[in-house]
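**Q** Sequence:
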Amino acid sequence: MSSNIRVDRDGVWYFQGREIIRKDIISLFYASLHLDEAGYYLEIKGERERLEVEDTVFLVQGAELVKHSEETFVISLNDGTQERLDLTSFRIAEGNIPYCLVKGGRFPARFLRLPFYQVAQHALHDEETNEYFLLLNGKKYPLQSGA
Numbered sequence: 030m031s032s033n034i035r036v037d038r039d040g041v042w043y044f045q046g047r048e049i050i051r052k053d054i055i056s057l058f059y060a061s062l063h064l065d066e067a068g069y070y071l072e073i074k075g076e077r078e079r080l081e082v083e084d085t086v087f088l089v090q091g092a093e094l095v096k097h098s099e100e101t102f103v104i105s106l107n108d109g110t111q112e113r114l115d116l117t118s119f120r121i122a123e124g125n126i127p128y129c130l131v132k133g134g135r136f137p138a139r140f141l142r143l144p145f146y147q148v149a150q151h152a153l154h155d156e157e158t159n160e161y162f163l164l165l166n167g168k169k170y171p172l173q174s175g176a
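Heads up: take any position in the sequence shown, counting from 1, add 29, and you land on the numbering used here.
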């Protein structure tokens, strides 16, 4: 499928091969982004445009363990937003690349190296099963490979 709009592995947006540098346009694209079984697309004023995406549109650029009434990781995304990390969606894919779901579970996001380490530094090791996990609010979240 050929598309006029492409997002590379580093989250850089392109139109007809040229990098889009206008932040207002990129913000509009994030706000208009959808994902279905055929892939990513933008829907603006009733018009749809499919995207060519190398990996994911969203990247996790930062992660911080926050302790208020309960413990949670707050992640920073490449669209400038922050949200709570859904640890139930966390997985490590082929090539040991970590992903999670963001935006209410609507989109996958790939962790950059630093935020993955920011999460992994809180991991515990189960000697019996030889598995790593996070323990937050009394609940165990495995850090394992998964499809």
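Simulated from the structure, these hints should not be mistaken for lab results.
Treat the hints with care, since some could be wrong.
To be verified - Ranges of calculated distance between the beta carbons of each label pair, as one might list FRET restraints:
hint: 1; residue 1: Glu93; residue 2: Glu72; range: 28 to 36 Å
hint: 2; residue 1: Glu66; residue 2: Gln173; range: 36 to 44 Å
hint: 3; residue 1: Lys96; residue 2: Ala67; range: 14 to 22 Å
hint: 4; residue 1: Asn166; residue 2: Val41; range: 15 to 23 Å
hint: 5; residue 1: Ala60; residue 2: Asp155; range: 21 to 29 Å
hint: 6; residue 1: Asp37; residue 2: Arg113; range: 24 to 32 Å
hint: 7; residue 1: Glu112; residue 2: Gln150; range: 14 to 22 Å
hint: 8; residue 1: Ile50; residue 2: Ala152; range: 34 to 42 Å
None of the values given here were measured: they were computed from a predicted structure.
Glycine is no exception: its CB is placed at the ideal position from the N, C-alpha and C atoms.
**Q** Go ahead and decide if the range 14 to 22 Å is satisfied by the Cβ distance of glutamate 112 to glutamine 150.
**A** With Cβ atoms ~20 Å apart, the hint holds.
**Q** Assuming the hint says 24 to 32 Å, is it satisfied by the Cβ distance from aspartate 37 to arginine 113 or not?
**A** 27 Å, holds
**Q** For asparagine 166 and valine 41, compare the CB-CB distance with the range 15 to 23 Å and indicate the outcome.
**A** 37 Å, violated
**Q** When you take the CB atoms of glutamate 66 and glutamine 173, is the distance between them in 36 to 44 Å?
**A** 26 Å, violated
**Q** Is the gap between the beta carbons of lysine 96 and alanine 67 within 14 to 22 Å?
**A** Given about 41 Å between the Cβ atoms, the range is violated.
**Q** Go ahead and decide if the range 34 to 42 Å is satisfied by the Cβ distance of isoleucine 50 to alanine 152.
**A** Holds, since isoleucine 50 and alanine 152 (Cβ atoms, about 38 Å apart) stay within the stated range.
**Q** So the hint says 28 to 36 Å: do the beta-carbon atoms of glutamate 93 and glutamate 72 match that?
**A** 33 Å, holds
**Q** Holds or violated: 21 to 29 Å for the Cβ distance of alanine 60 and aspartate 155?
**A** 42 Å, violated
Checked against the numbered hints listed earlier, the structure breaks hints 2, 3, 4 and 5; every other hint is satisfied.
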